[in-house]
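Line order of the protein sequences matches chains A and B.
When we follow the working numbering, the leftmost residue of the first sequence carries the number 1, and every step to the right adds one.
When we follow the working numbering, the leftmost residue of the second sequence carries the number 1, and every step to the right adds one.
Keep in mind that the hints were calculated from the coordinates and are not lab data.
Every value quoted in this text rests on a predicted model; they were computed, and no experiment measured them.
Glycine included, C-beta positions come from ideal geometry on N, C-alpha and C.
Fair warning: there could be bad hints in the mix.
[As the list claims (entries may be wrong)] For the chain A half of the interface with chain B, some residues (derived, Cβ under 8 angstroms), not all of them: (1) P32; (2) L73; (3) S150; (4) A179.
[Unchecked claim] Per the computed footprint, the stretches of chain A lying under chain B, defined by three or more beta-carbons under 8 angstroms from a beta-carbon of chain B, are: (5) 17 to 31; (6) 64 to 71; (7) 74 to 88; (8) 112 to 119; (9) 127 to 133.
[As the list claims (entries may be wrong)] Examples of chain B residues lying across from chain A (beta carbon under 7 angstroms, computed): (10) V23; (11) A58; (12) A90; (13) D91; (14) A151; (15) V153; (16) N156.
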Amino acid sequence: MNVVRTRRTSNNRRRGSSIIEFALVGSFMFLPILAGLATVGLSLVTALQVSSLNSNAGQMFAAGVDFTQSSNLAIVGKLSGNLNITGTSGYGLLILSEIDGTSNGNTCSNQIIVGNSAIGSSRYCPNPPSVQSGFTALMGGSALAVGQVSYVAETFYNNPLYAWALAPHGTGTGIYTSAVF
Amino acid sequence: MQPTLPAQSLKFKKDRRSGAALVLAALSLLVLVPMLGLAIDGANVYLERNQLNVAMSAAVLAATRSLNVGQTATAQAASAQAVASQVFKADVGSSLSVQSCNVAGACVAAVPSFTVSPDDSSHFRTVSGSLSVDLPLTFMAMMNFNASNTAHVNINVAATRRDVNIMLVLDNGGPMSGAGGTNINPMASMQADAIAFVNLFANSRDNIGLVSFTSAPWVAEALPNQNFASNVPTDVNTLQATDTGVPNTAAALSTAYQQLRNLNQPGALNVIVLFTDGVPVAFSGNFAGLVKTGQSVCSPSANPLNGVLWSPPDASAVYGLTDPTAQKINDDPEDRTPSGCISSNYSPGSFLNSMPSVDLYNNATNGSYAAVNLSSIDTADVIAASENALDSAANTIHNDTALQPVIFTIGLNGNYGLPPDPVLLAKVANDPTSSYYSSSFPTGQSIIAPSSSQLQAAFTSIASQVLRLAAVH
């Protein structure tokens, strides 16, 4: 009877030590993996949100949607979802620029800024209205034909969780994306 | 009786069990790590595919706006393809590996292809883009996923550009000479800027017509007019500021609209661009039944009795009736007596009882834009009736749900006489900044150029707006 009691006690102890072992192994092996996977997933979602907002807003701007109208501006707010790019504050910044081909070169003539302008400034149209060498370089060094127009959408999303520095055109770390339309 | 075990055997078993979790965990890593690699590679591929898709979409959209560069359809297609490639390169940059690999794993740079296909019956052209690319894998490459260790992605996008039908409506009244105003030779500025505007559209594909106007409109180039690159600039250069030349803007707008209706292309983008340097001061109507008896200027029994009632640009008096029909470009119909009258009396109040409630184009002269007393034939009421007629003409155009014409207006300040009414021009254009703006109608744009030196920017801005509207993703 004593032997049986001893085995039961021993089994209980072993069960307990397996749980401890699993917890220790899990803490050092599985949790970092799961945490890394979650970080990659969340980063992917955020990057896709930023890219999607930049693309959709840029296409709308290129198609002639007037973002000086509050109703159209509200669409940007909805497109940005939880990125919270709206009004003049928040963690994000959307810059839509119109670049005109003129006899002086590529000239930025019109710019719409949505969100927190303290986060960054346009890489391709930093000081409208003026000739933009950055945009010319982006287009392989060639100027637009006189009368032709291009549209540039740039989105900054500020988040300390991301390691990518937004400098030299933005502050802190986060995601920056741009597209020419 | 319970079996008994030696103490040594129990200890051995305990030792074996104590390492089981660690071994199992290590074994499970063999499955977990590849899964993790697959997740990261999959995420990367998804993100890069999304970036390539954005770049391809942007490229075809930019290409549609470049379908106006070149004199022939072939040249325009080549221009669009070049711009699409340029924009794609700009958007992809050097951060993405754009390559195409064969089954043996040999990779070369992938090049997107862009084609332009016209649809003549629906009046649009489509720019299609396709890209076949193999995106490199990192973790899956360690497991020799395939020969090239890449994931194959196909991207197909398309954007269309509607053909554009434009009626250019240009005021060549007397003040366009610059006399009495602050602009130096505004006619020359307007001619150069209007021609530059015309050159921004696709010859042999788009249509551009021309109406010039004073107190009567003249169709200098009727629609269809696909080879506008030569004849419209010639006509514009022929324009001269006429001797008297007062703007009957409602008649000009209605005439331009009629040209779009005659062409009748609902699939195209139909546009009217109206340029004027003054407030409307003239309208044409049928004055039959409105002539006083016992006077000798116009016959009370004439029907129709079509004529124009007008005020000079400085609104100093009322004149009429004069000929409502122009007979040539740069005509002076204010110098001619209409049929049914024996002279153009310069005091129409002496032989007319009142003004008609609609003009010759069925535009209401007693509308709501400006308060008017049709029985009172003075300068204020003639101008109010003329403004109401223009407003009514614009309303008729806005309500055309089939053609959905978009109106753009350019007003030039600084010429002699009453300047353009910015509120009325914004209403005519259905400009979003207007207090009369209606989202139910096509949205246009109204620009007031403070001087003739700013006309170029106005015409260019409208051209880019039209090209934006023509591009459909």
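To see whether the hints hold, each was checked on the structure:
Hint on P32/A is violated. Least Cβ distance to chain B is approximately 11 angstroms, over the 8 angstroms limit. Here the hint on L73/A is broken, as its CB sits about 12 angstroms from the closest CB of chain B, past 8 angstroms. For S150/A, the interface hint holds, since its Cβ comes within 8 angstroms of a Cβ in chain B; the closest pair sits about 7 angstroms apart. For A179/A, the interface hint holds, the least distance from its beta-carbon to any beta-carbon of chain B being 5 angstroms, beneath 8 angstroms.
Residue count for the region 17 to 31 of chain A with a Cβ under 8 angstroms from a Cβ of chain B: 8. That meets the three needed, and the coverage hint holds. Three residues within the 8 angstroms Cβ limit are the bar, and the region 64 to 71 of chain A against chain B gives 4, so the coverage statement holds. Residues of the region 74 to 88 of chain A with a Cβ under 8 angstroms from some Cβ of chain B number 0, which does not satisfy the need for three, so the listed coverage is violated. Restraint check on the region 112 to 119 of chain A versus chain B: 0 residues with Cβ-Cβ distances below 8 angstroms, three needed, restraint violated.
Counting residues of the region 127 to 133 of chain A whose CB lies closer than 8 angstroms to any CB of chain B gives 0, which falls below the minimum of 3, so the coverage claim is violated. The beta carbon of V23/B is not positioned within 7 angstroms of any beta carbon in chain A (closest approach about 10 angstroms), and the interface hint is therefore violated. Taking 7 angstroms as the C-beta cut-off, the interface hint given for A58/B holds, the closest approach to chain A being about 5 angstroms. Interface hint status for A90/B: upheld, as the beta-carbon distance to the closest one in chain A is roughly 5 angstroms, under 7 angstroms.
At a threshold of 7 angstroms, the smallest CB-CB gap from D91/B to chain A is about 5 angstroms, leaving the interface hint in force. The criterion of a C-beta within 7 angstroms of any C-beta in chain A is not met by A151/B, whose closest approach is roughly 15 angstroms, and the hint is violated. Taken as an interface hint, V153/B does not check out: its beta carbon lies about 16 angstroms from the nearest beta carbon of chain A, beyond 7 angstroms. A least Cβ separation of about 16 angstroms between N156/B and chain A goes past the 7 angstroms threshold, and the interface hint is therefore violated.
The structure fails hints 1, 2, 7, 8, 9, 10, 14, 15 and 16 (numbered hints given earlier, in ascending order).
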